[in-house]
Amino acid sequence: MAIGVRLDDLLHERRMTLTELAEKVDLTLANLSILKTGKARAIRFSTLDAICRALSCQPGDLLQFEEGGDSSD
Amino acid sequence: MSHQTAALPIASVVLRILIVLNWVWGICIFAILCGTLFAHEWTLTALGVTTGHPIRGILPGLQAIAALGLVVIGFNYMVLKRLVAMVDTVREGDPFVAANAYRLHAIAWIMVGMQIISIIIGAIGKAISTPEQPIHLEAGFSVSSWVAILFAFILARVFAEGTVMRADLQGTV
Chain A
211 MAIGVRLDDL LHERRMTLTE LAEKVDLTLA NLSILKTGKA RAIRFSTLDA ICRALSCQPG
271 DLLQFEEGGD SSD
Chain B
9 MSHQTAALPI ASVVLRILIV LNWVWGICIF AILCGTLFAH EWTLTALGVT TGHPIRGILP
69 GLQAIAALGL VVIGFNYMVL KRLVAMVDTV REGDPFVAAN AYRLHAIAWI MVGMQIISII
129 IGAIGKAIST PEQPIHLEAG FSVSSWVAIL FAFILARVFA EGTVMRADLQ GTV
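Keeping their order, the protein sequence lines are chains A and B. The opening residue of the first sequence carries number 211 in our numbering; numbering runs sequentially from there. The opening residue of the second sequence carries number 9 in our numbering; numbering runs sequentially from there.
Worth flagging that the hints you see were computed from the coordinates, not collected in a lab. In this text, a Cβ means the ideal position worked out from N, Cα and C, and glycines have one as well. Check the hints yourself; a few may be wrong.
Said to hold, decoys possible - Facing chain A, a subset of chain B residues (Cβ under 10 Å, in silico):
1) Ala175
2) Asp176
3) Leu177
4) Gln178
5) Gly179
6) Thr180
7) Val181
As the list claims (entries may be wrong) - Simulated DEER-style distance windows between Cβ atoms:
8) Val92(B) with Gly214(A): 43 to 51 Å
9) Ser152(B) with Gln274(A): 53 to 61 Å
10) Arg224(A) with Trp117(B): 26 to 34 Å
11) Phe275(A) with Trp117(B): 40 to 48 Å
12) Thr180(B) with Glu277(A): 54 to 62 Å
13) Gly179(B) with Ser266(A): 23 to 31 Å
14) Phe159(B) with Arg224(A): 32 to 40 Å
15) Val98(B) with Glu223(A): 46 to 54 Å
As the list claims (entries may be wrong) - Derived list of chain A stretches under chain B, where covered just means 3 residues or more per stretch with a C-beta under 8 Å from a C-beta of chain B:
16) 234-247
17) 253-267
Start from the sequences, fold in the hints, and give me the full structure.
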């Protein structure tokens, strides 16, 4: 997937753990891990909204297009 | 929801019983076919066919019907085996898998084969039937069977689409 998820960097910048974020956005730790490791195939707007609120960031801060990345699933 | 939980084990058992009955039926047809080859007069009498001079002409027809019947037994087994596998996936709580879409598609094609054989058997039955020795067979063209085949093809497609949607949903966070 050529879309990268910068969740790890954002969590590090905000000194927050994945477990704390999971509690804030009301998502399971397993689903957040899927998102963090780039294994997710899609992200709901509601999830994006919750994460951006919890991390006080923009969707563009969380997702980035990686030039030369694999275009397949 | 208890009727659903009971329905699956029942379906599973019934399908397995049908597989056994199908093989028993196949052995019977094979015995009849052997009888028409090695003891044709006795077999024809047992089947209620009068063994006179004009009646002997129906023997190749009956042998062909029995041989086609054996092919249908094989087809029945292929359908039942796939249905058992599909019911098992439902019992395991994971029916929307690509394998089930392929199974349904295969079942639809097997049903086409069975219908073609049924039409051939019906035609043979008409050809060998005479006013003196009428032969009535539950075979031939059937509108309801072809509608069922169409339904199976559509259901296979729906299953395939459902499987893709489920795969997408599984990776959605």
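Hints versus structure:
1. A least Cβ separation of about 8 Å between Ala175(B) and chain A falls short of the 10 Å threshold, and the interface hint therefore holds.
2. For the restraint placing Asp176(B) at the interface with chain A, the shortest Cβ-Cβ distance is roughly 6 Å, inside the 10 Å limit, so the hint holds.
3. Annotation: Leu177(B) was flagged as interfacial toward chain A, and the flag holds, the nearest CB pair being 8 Å apart, inside 10 Å.
4. Checking Gln178(B) against chain A by beta carbon gives a least distance of about 8 Å; that is within 10 Å, so the hint holds.
5. Taken as an interface hint, Gly179(B) checks out: its beta carbon lies about 3 Å from the nearest beta carbon of chain A, inside 10 Å.
6. Interface restraint check for Thr180(B): the shortest CB-CB distance to chain A comes to about 4 Å, inside 10 Å, so the restraint holds.
7. Below 10 Å, beta-carbon pairs count as interface contacts, and Val181(B) has one with chain A at about 5 Å; its hint therefore holds.
8. Distance hint for Val92(B) and Gly214(A): a CB-CB separation of about 45 Å, consistent with the stated range 43 to 51 Å.
9. Ser152(B) and Gln274(A) have their C-beta atoms about 58 Å apart, which keeps the hinted 53 to 61 Å range intact.
10. For Arg224(A) paired with Trp117(B), a C-beta distance near 57 Å fails the hint of 26 to 34 Å.
11. With their beta carbons about 44 Å apart, Phe275(A) and Trp117(B) fall inside the hinted range of 40 to 48 Å.
12. Between Thr180(B) and Glu277(A) the C-beta distance comes to about 25 Å, which lies outside the given range of 54 to 62 Å.
13. Judged by the Cβ atoms, the range 23 to 31 Å given for Gly179(B) and Ser266(A) holds: they are separated by roughly 27 Å.
14. The hint said 32 to 40 Å for the Cβ distance between Phe159(B) and Arg224(A), and at roughly 56 Å that hint is violated.
15. At roughly 47 Å, the beta carbons of Val98(B) and Glu223(A) sit within the given window of 46 to 54 Å.
16. Interface restraint, the segment 234-247 of chain A with chain B: holds (5 residues with C-beta to C-beta distance below 8 Å; minimum three).
17. Coverage of the segment 253-267 of chain A by chain B holds in this model, with 3 residues showing a Cβ closer than 8 Å to a Cβ of that chain against a need of three.
Taken one by one, the earlier hints fail for this structure at numbers 10, 12 and 14, listed in ascending order.
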